[in-house]
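Residues per chain are reported as follows:
2 protein chains.
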Amino acid sequence: MTAQMKLGAFLWATGHHIAAWRHPKAHVTAGVDIDHYVQLARTAEAAKFDMIFCEDAAGLREANIGIASQTSRSIGFEPVSLLSALAVQTSRIGLVSTASTSYNEPYGLARTFLSLDHLSGGRAGWNLVTSASPIEAANFGSTGLRPHADRYERAREFAEVVTGLWQGKASAHDGQSFSVRDPLDLPRSPQGAPVMVQAGASDVGRDLAARTADVVFTAAQTFDEAKAFYDDLKGRMAAYGREPDDIKIMPGVSPVVAETEAEARDKHEELQELIPDDVGVALLSSYLSISDLWRYPIDGPLPELPESEGMKSRQALVVEQSRRDGLSIRQLARHFAGARGHWRIVGTAAQVADELQARFEDGAADGFNVMPSYFPGELDAFATLVVPELRRRGLFRKDYEGRTLRDHLGLKRPV
Amino acid sequence: MTAQMKLGAFLWATGHHIAAWRHPKAHVTAGVDIDHYVQLARTAEAAKFDMIFCEDAAGLREANIGIASQTSRSIGFEPVSLLSALAVQTSRIGLVSTASTSYNEPYGLARTFLSLDHLSGGRAGWNLVTSASPIEAANFGSTGLRPHADRYERAREFAEVVTGLWQGKASAHDGQSFSVRDPLDLPRSPQGAPVMVQAGASDVGRDLAARTADVVFTAAQTFDEAKAFYDDLKGRMAAYGREPDDIKIMPGVSPVVAETEAEARDKHEELQELIPDDVGVALLSSYLSISDLWRYPIDGPLPELPESEGMKSRQALVVEQSRRDGLSIRQLARHFAGARGHWRIVGTAAQVADELQARFEDGAADGFNVMPSYFPGELDAFATLVVPELRRRGLFRKDYEGRTLRDHLGLKRPV
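Line by line, the protein sequences are chains U and V.
Residue 281 in full-length UniProt numbering sits at position 281 of the first sequence; the count goes up by one each step and never skips.
Residue 139 in full-length UniProt numbering sits at position 139 of the second sequence; the count goes up by one each step and never skips.
It is possible that part of the hints are untrue.
One copy or any two copies: either way a pair holds, since identical chains are not told apart in the list.
Claimed, not checked - Dumping the calculated DMTMM-like pairs for lysine to aspartate or glutamate here, alpha-carbon to alpha-carbon at most 25 Å:
| no. | residue 1 | residue 2 |
| --- | --- | --- |
| 1 | 169 | 56 |
| 2 | 267 | 245 |
| 3 | 169 | 33 |
| 4 | 25 | 243 |
| 5 | 169 | 269 |
| 6 | 234 | 273 |
| 7 | 412 | 207 |
| 8 | 398 | 266 |
| 9 | 312 | 380 |
| 10 | 234 | 246 |
| 11 | 312 | 56 |
| 12 | 398 | 174 |
Hints were generated in silico from the structure; no laboratory data involved.
Owing to the predicted nature of the structure, the values given are computational and were not obtained by experimental measurement.
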């Protein structure tokens with residue numbers, strides 16, 4: 001049998017395109033409409049996606065409240081409560097939520113995710129993030145954002161404690177940041193342990209993933225970037241006694257698909273035209289971890305950037321693209337706002353499938369986290385147009401073969 | 001119209017009786033069986049209870065793992081994830097979960113409960129606890145249990161921040177324990193704000209409740225205790241500019257009900273006989289916040305107790321009963337293990353209704369939090385025998401009149 005790719009459906013309020021809320025078919029209050037999410041989850045499950053995926057941040061997504069209110073994710077459910085509700089409205093699809101190692105404690109987090117895992121019969125996953133946003137930091141005391149290296153050292157210990165608790169280890173933990181005495185008040189997971197997802201792409205982020213992740217979500221614009229990341233991460237695993245196949249690397253992809261290429265291009269252009277310049281620039285600012293980008297001429301180049309304690313890898317991605325294509329601030333803003341820094345494919349089902357197949361078969365991805373530009377329209381389009389095309393090529397499952405998220409992903413069950 | 005009492009259904013794994021898991025009809029893995037909880041929630045909703053109520057502790061419920069494994073709540077879902085799942089399996093009943101002010105941050109907690117509130121269309125409530133158990137403290141760093149007064153000072157500020165966030169206050173908070181800059185990324189609650197429940201019964205706990213609670217859950221064995229607590233708490237409210245009716249006081253009650261009194265007594269005796277002495281003594285130890293009760297002769301009196309930093313009010317309740325009735329350690333253990341320190345009524349529906357009516361009409365309660373000794377049997381018995389009897393007397397609703405938990409409880413909507 002041909003190897004088959006893994007697919008995630010990354011749910012995000014009105015859609016991943018920053019102007020999705022302005023789309024004529026947009027559902028503006030989607031972020032707090034449980035019926036909307038139930039519909040999306042059932043669409044993804046009917047299409048046999050491996051999992052649905054939710055981001056999280058304990059705070060506004062943009063520093064400027066005026067700007068925040070003009071994005072496609074100004075309001076939304078806290079994701080673990082959302083996924084707990086979806087757990088009883090679905091039966092097979094995996095349920096992955098992001099949660100922070102900076103603003104939680106490992107005992108509480110391990111317990112909540114294992115509870116979700118039991119609620120769903122072994123379908124839960126945790127996407128570990130260290131929280132790079134100073135907006136969140138300001139809601140959790142005045143200590144400010146921790147330096148990047150400190151965040152990752154805390155995250156490493158955090159992951160170790162959580163994994164130990166999930167595996168029912170009897171021994172207590174007494175470490176640098178955390179001390180935990182007892183086991184959890186929950187039985188072992190139906191899938192051995194919830195799935196561990198990570199997305200850090202800096203050097204220290206990759207090492208943490210190579211050591212502990214089951215799935216890695218990543219952003220790569222070009223094939224070369226994707227391939228370099230893939231080879232680098234898989235290459236780091238041997239040092240931790242792991243096989244390359246123990247991690248599934250799933251880059252984000254934001255497809256705009258239609259029956260004809262012209263129709264797909266029109267759909268995409270319609271969305272791009274809806275991006276207000278100030279919103280695009282604000283989003284770019286947050287990717288660059290600087291606050292005064294608006295001071296620079298919008299049709300000029302990026303200024304020199306200070307050393308960042310934020311998302312180093314995201315900043316590098318923007319700077320790299322800026323240099324490669326000689327883009328102005330306005331052009332960069334529009335480009336990144338469109339797909340939030342992720343890979344975008346605009347075309348027919350066959351064209352989208354060609355691109356996915358190439359990255360999958362040429363060793364740049366084990367699957368993809370699909371980021372529809374608006375909901376439900378673009379998720380429906382992917383499910384009805386692209387998924388059948390992938391299936392015809394033998395690249396995606398016709399039905400679930402197992403019951404747990406680890407079954408779907410083909411991951412080992414932890415001992 | 002006669003005033004009507006409020007009713008909560010306190011769900012707790014196999015049942016509130018400590019030996020419920022040994023009952024021939026017990027469902028031993030009930031704590032992690034979502035179908036079990038859906039059934040209980042639907043039973044309570046069909047009977048028109050105001051709310052279901054869940055306790056919480058981030059750790060084992062007993063210090064000794066051997067003892068913990070022999071109680072009716074050795075395993076169980078984390079309650080906010082549980083209630084999020086129940087939110088989409090019910091449509092009218094309120095959903096109240098306990099959460100700690102010691103092991104959470106106010107921004108995260110406010111967000112999670114407001115998310116549950118939106119998931120359920122305005123049916124969420126938060127039962128604030130300060131966490132008196134050293135077992136939990138040991139899972140959140142080695143700093144140990146904070147002194148009682150410090151816990152309550154942190155809780156007071158915590159409640160102030162959470163209430164402010166729920167009410168969409170624009171102003172940032174910069175206080176002793178917490179600093180929070182931004183509003184939540186969620187719209188205002190469908191019921192104005194989630195309902196605030198409290199259970200602290202010490203002097204400082206009562207003051208906090210008088211200032212901020214909408215509902216108070218309490219433990220009282222006798223009418224006089226219940227009445228004294230009721231009058232004291234309602235009397236404290238004027239100092240905070242509140243009307244007595246702004247808080248609903250709902251003592252816990254653990255009824256054992258059957259068609260005949262003899263049958264009810266047999267049911268109760270059958271459960272009492274199932275309590276192992278070591279488990280009863282361990283539970284009593286935790287109520288007294290001491291660890292070496294097992295060293296004293298089991299048929300002798302309680303020893304002198306040291307000053308406690310644990311649950312002061314629960315300790316006082318045990319000591320009071322011990323003096324009043326001259327009970328030995330074994331007798332006290334069996335008595336408190338049975339209903340976990342709460343009021344127990346054994347009898348027919350008419351007898352149970354008489355007792356509830358007396359406390360309700362004579363100003364000792366605004367309603368009751370019903371703690372069935374085992375599930376689903378005793379919840380079913382209350383719903384089919386006692387609720388119709390209360391309804392015949394005009395003491396309980398025939399149907400819901402509103403849609404939110406505040407509607408059911410007759411609480412003001414916060415401005």
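25 Å Cα threshold - placement of residue 56 relative to residue 169: between (28 Å within a copy, 22 Å between copies)
*Can you tell me if residue 234 and residue 246 fall within 25 Å by alpha carbon in one copy, between copies, both or neither?*
Close inside one copy (9 Å), not across copies (61 Å); limit 25 Å.
Within, between, both or neither: how does the pair residue 312, residue 56 come out at a Cα-Cα threshold of 25 Å? Answer is within; shortest intra-copy Cα gap is 19 Å, inter-copy 39 Å.
As a check of your reading, is residue 398 near residue 174 (CA-CA no more than 25 Å) within one copy, between copies, both or neither? Answer is neither; intra-copy 47 Å and inter-copy 55 Å both fail.
Given a CA cutoff of 25 Å, do residue 312 and residue 380 count as a within-copy pair, a between-copy pair, both, or neither?
Neither, since 34 Å and 58 Å both go past 25 Å.
Tell me, please, which holds for residue 412 and residue 207 at an alpha-carbon limit of 25 Å: within, between, both or neither? The answer is within: 20 Å in one copy meets 25 Å, while 53 Å across copies does not.
Check: Between the shortest in-copy and the shortest cross-copy C-alpha distance, which are at most 25 Å for residue 169 and residue 33: within, between, both, or neither?
Finding: between (39 Å within a copy, 23 Å between copies)
field: 25 Å Cα threshold - placement of residue 273 relative to residue 234
entry: neither (39 Å within a copy, 60 Å between copies)
Query - Intra/inter-copy verdict for residue 25 and residue 243 if alpha-carbon distance must be at most 25 Å - result: neither (45 Å within a copy, 48 Å between copies)
Residue 267 and residue 245: within-copy, between-copy, both or neither at 25 Å Cα | Neither: 37 Å inside a copy, 57 Å across copies.
Notebook entry, point to check: Can you tell me if residue 398 and residue 266 fall within 25 Å by alpha carbon in one copy, between copies, both or neither?
Noted result: Neither: 31 Å inside a chain and 57 Å across chains, both beyond 25 Å.
(message) Treating 25 Å as the Cα threshold, decide for residue 169 and residue 269: within, between, both or neither.
(response) For residue 169 and residue 269, neither the intra-copy (53 Å) nor the inter-copy (39 Å) Cα distance is at most 25 Å.
Checked against the numbered hints given earlier, the structure breaks hints 2, 4, 5, 6, 8, 9, 12 and satisfies all the rest.
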